[in-house]
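If you use UniProt numbering, the sequence shown corresponds to residues 1 to 388, in order.
Be a bit skeptical, because a hint or two may be false.
[To be verified] Derived DSS-like pairs: lysine-lysine, alpha-carbon spacing no greater than 27 Å straight-line:
#1 117 <-> 374
#2 153 <-> 221
#3 257 <-> 325
#4 379 <-> 367
#5 168 <-> 131
Hints listed in this document are in silico derivations from the structure and should not be mistaken for laboratory results.
Predicted, not measured: the structure shown is a model, and the values here were computed from it.
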Amino acid sequence: MAQPKYIMNIDKVPHLSDEEKAKLKQITEKFVFRVNEYYLGLIDWGDPQDPIRKLVIPNEGELEEYGRWDASDEDTNYVVPGCQHKYDETALLIVSEVCGAYCRYCFRKRLFRNDIKEAMSDVQPGIEYIKEHPEITNVLLTGGDSLILATKKLRGIIEQLREIPHVKIIRLGSKMPVFNPMRIYEDEALLELIREYSTPEQRIYVMAHINHPVEITPEAKKGFEALHNAGAIVVNQTPVLRGINDDPKVLAELLDKLSWAGVTPYYFFINRPVAGNNDFVLSLKEAYDIVEEAKANTSGLGKRVRLSMSHTSGKVEILAIEDGKAYLKYHQSRDGNYGKFMILDCPEDAAWFDDLPGNEQYWDAPKKKWDDFKGANEKIAQKEQPVT
1 MAQPKYIMNI DKVPHLSDEE KAKLKQITEK FVFRVNEYYL GLIDWGDPQD
51 PIRKLVIPNE GELEEYGRWD ASDEDTNYVV PGCQHKYDET ALLIVSEVCG
101 AYCRYCFRKR LFRNDIKEAM SDVQPGIEYI KEHPEITNVL LTGGDSLILA
151 TKKLRGIIEQ LREIPHVKII RLGSKMPVFN PMRIYEDEAL LELIREYSTP
201 EQRIYVMAHI NHPVEITPEA KKGFEALHNA GAIVVNQTPV LRGINDDPKV
251 LAELLDKLSW AGVTPYYFFI NRPVAGNNDF VLSLKEAYDI VEEAKANTSG
301 LGKRVRLSMS HTSGKVEILA IEDGKAYLKY HQSRDGNYGK FMILDCPEDA
351 AWFDDLPGNE QYWDAPKKKW DDFKGANEKI AQKEQPVT
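Generate the whole structure from the sequences, applying the supplied hints.
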């Protein structure tokens with residue numbers, strides 16, 4: 001199969017009317033647009049509520065006042081250009097500011113602005129930092145999408161990481177397994193790279209972003225199989241999103257199809273309160289109930305998934321929401337509060353950890369690790385200040 005053609009201008013999407021294109025143009029002027037012909041082919045264009053359509057076609061709610069550009073304060077985790085270090089054992093290399101598609105709910109929408117530069121084509125500062133920090137056993141290549149990189153570029157990064165004895169796991173954050181699976185199973189050089197560097201002692205994990213069972217096509221399954229045969233381990237994570245997968249039957253089907261294909265269900269996330277994401281918001285109670293009903297209708301393999309919030313202070317796992325109370329614990333913690341159990345009042349409209357009264361007693365505002373780094377919240381706030 002030939003590689004699909006990419007479309008970066010909303011006017012070039014043939015399924016939209018002229019009126020729709022005119023409405024959406026103002027959104028794409030603020031939030032960049034990108035998709036490909038293969039993925040557009042998964043959309044039922046006769047259904048205006050089609051979930052795949054909502055994933056990649058802009059929506060007018062993106063222009064509503066809501067959230068922050070960097071809702072988890074990732075700017076405080078940068079240690080050198082292009083490298084974040086939030087949890088002791090894991091470092092992030094922001095290797096790309098490009099994705100196969102720009103998902104409309106993306107929590108890093110800020111990277112797709114022309115005035116924000118966090119991804120680095122030169123990852124050397126990050127690699128040198130990782131070399132000097134033996135507590136780092138996991139490195140996540142992300143962005144953007146790590147598999148949008150040319151295989152030659154990816155090899156150069158992975159080869160350097162494999163020369164660092166304490167780096168045991170390399171993770172590739174990507175939606176390519178479902179957005180453009182041909183990029184995986186048709187690229188023998190990529191599969192050879194994985195075969196070479198994903199070994200019984202040091203694995204490569206592909207952290208897939210599969211939001212809906214419709215994305216698990218025969219081509220996607222062929223891509224999963226190619227990755228498995230090359231020695232990669234594939235896991236999946238997705239936010240629970242209003243209008244896309246906020247249905248227990250849909251999530252149960254997703255958990256089943258992932259398990260059947262040998263893809264481990266890893267995380268269900270609460271949608272981060274990011275600028276432009278208002279249309280996707282569910283309350284914590286809604287998300288919890290949907291996930292629990294979905295888990296009740298899948299096997300123990302599907303039930304491995306965890307529901308959590310990627311908060312400034314860490315990954316806050318939602319254990320239960322019952323009788324107006326949220327029962328939570330720190331699954332990951334910026335400040336070392338692993339396993340910390342919390343019981344907080346949970347208002348009906350609470351949609352994020354910060355919405356829970358009393359949450360502030362469990363964490364402190366973060367301090368920058370790299371004083372000179374200016375993040376999106378700061379940059380954009382300064383830029384958008386009214387002239388007096």
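Okay, the hints, checked on the actual structure:
no., hint, verdict
1, 117 <-> 374, "holds, 10 Å"
2, 153 <-> 221, "holds, 25 Å"
3, 257 <-> 325, "violated, 32 Å"
4, 379 <-> 367, "holds, 17 Å"
5, 168 <-> 131, "holds, 12 Å"
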